[in-house]
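As you go down the protein sequences, you meet chains A and B in turn.
Under my numbering, read the first sequence as residues 1 to 67, first letter to last.
Under my numbering, read the second sequence as residues 68 to 219, first letter to last.
There's no promise every hint is true.
Covered stretches of chain A (in silico footprint by chain B; criterion: 3 or more residues with CB under 8 angstroms from a CB of chain B, positions within the stretch not fixed) [what the hints assert, rightly or not]:
#1 13-23
#2 41-48
Calculated lysine to aspartate or glutamate pairs in the DMTMM-like style (CA-CA distance at most 25 angstroms, straight line) [unchecked claim]:
#3 Lys190(B) with Glu6(A)
#4 Lys14(A) with Asp121(B)
#5 Lys14(A) with Glu191(B)
#6 Lys190(B) with Glu164(B)
#7 Lys5(A) with Asp118(B)
#8 Lys211(B) with Glu132(B)
#9 Lys14(A) with Glu186(B)
#10 Lys211(B) with Glu49(A)
#11 Lys211(B) with Glu39(A)
#12 Lys14(A) with Glu39(A)
Derived by calculation from the structure, the hints in this document are not laboratory data.
Computed from a predicted structure; not experimentally measured.
We put the CB at the ideal spot given by N, CA and C, even for glycine.
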Amino acid sequence: MMMCKEATRLMSLKQDRPLNFQERVSLRLHLSMCGACRECDRQFTLLHEAGRRFGPELDPERDDHGH
Amino acid sequence: MSAIEKNESFAGRSGYETWVFGILKYKLLDAMRVQKRHGRWQPLEDEDDDDAIDRQFQQNGRWQESARPSSWGEPEAAFETEHFWQVFDACMIALPENAARVFSLRELMGLSTDDICRELDIKENNCWVILHRARLRLRACIEKGWLKEETA
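Bound conformation, chain A alone (with noise of 0.2 angstroms):
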């Protein structure tokens, strides 16, 4: 049974790949069973969006220190 530190780090794996099958229904599963975990699957979310949101202000000036 996958405990609360592990299904943190499907939560953050799933910000920056999507799951695979397994993955997901695991963190599923957790996910309806735990309060906090659900809180903090929406805060890394929302970390997500914070980035996010500023985005097209944040040229990351790739000629900068691409190539």
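Let chain A serve as the given structure and place chain B on it in line with the hints.
Here is chain B on its own, set in the frame of chain A:
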């Protein structure tokens, strides 16, 4: 430093969040320029400071009572609060250097972990571990600084 120049141009409330991200951006770009001179980013030294993370969980992997996440309310409402961005800013600064760097590249600049790993010459798995720690630290820090004061 460009962050200081930014500070002087900060004109008011409405621009606060933009200002915060502006600072982070310039801070990051400064670091990139320095690193670029060496031809490559400095290797990410291992930061054996899982303590801050481990303190959030019990031995059995459940949340510590004191660290259990609470609701932050609606994201839009939070984003409109200047105080939220001040706390966010302070918490970003409090992050360990590597965590702040990888988190900024991923979430503020929107690069993929694949790109970040290539840029920093680290394994993608390492990248995910760093991001996981960064997010746990940030959430704990923001919750302490923001929510507690909001409800006080």
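Hints, one by one, checked against the model:
no., hint, in the structure
1, 13-23, "holds (count 4)"
2, 41-48, "holds (count 7)"
3, Lys190(B) with Glu6(A), "holds, 20 angstroms"
4, Lys14(A) with Asp121(B), "holds, 21 angstroms"
5, Lys14(A) with Glu191(B), "holds, 14 angstroms"
6, Lys190(B) with Glu164(B), "holds, 18 angstroms"
7, Lys5(A) with Asp118(B), "holds, 13 angstroms"
8, Lys211(B) with Glu132(B), "holds, 14 angstroms"
9, Lys14(A) with Glu186(B), "holds, 21 angstroms"
10, Lys211(B) with Glu49(A), "holds, 20 angstroms"
11, Lys211(B) with Glu39(A), "holds, 14 angstroms"
12, Lys14(A) with Glu39(A), "holds, 15 angstroms"
Every hint, counting from the list given before, is met by this structure.
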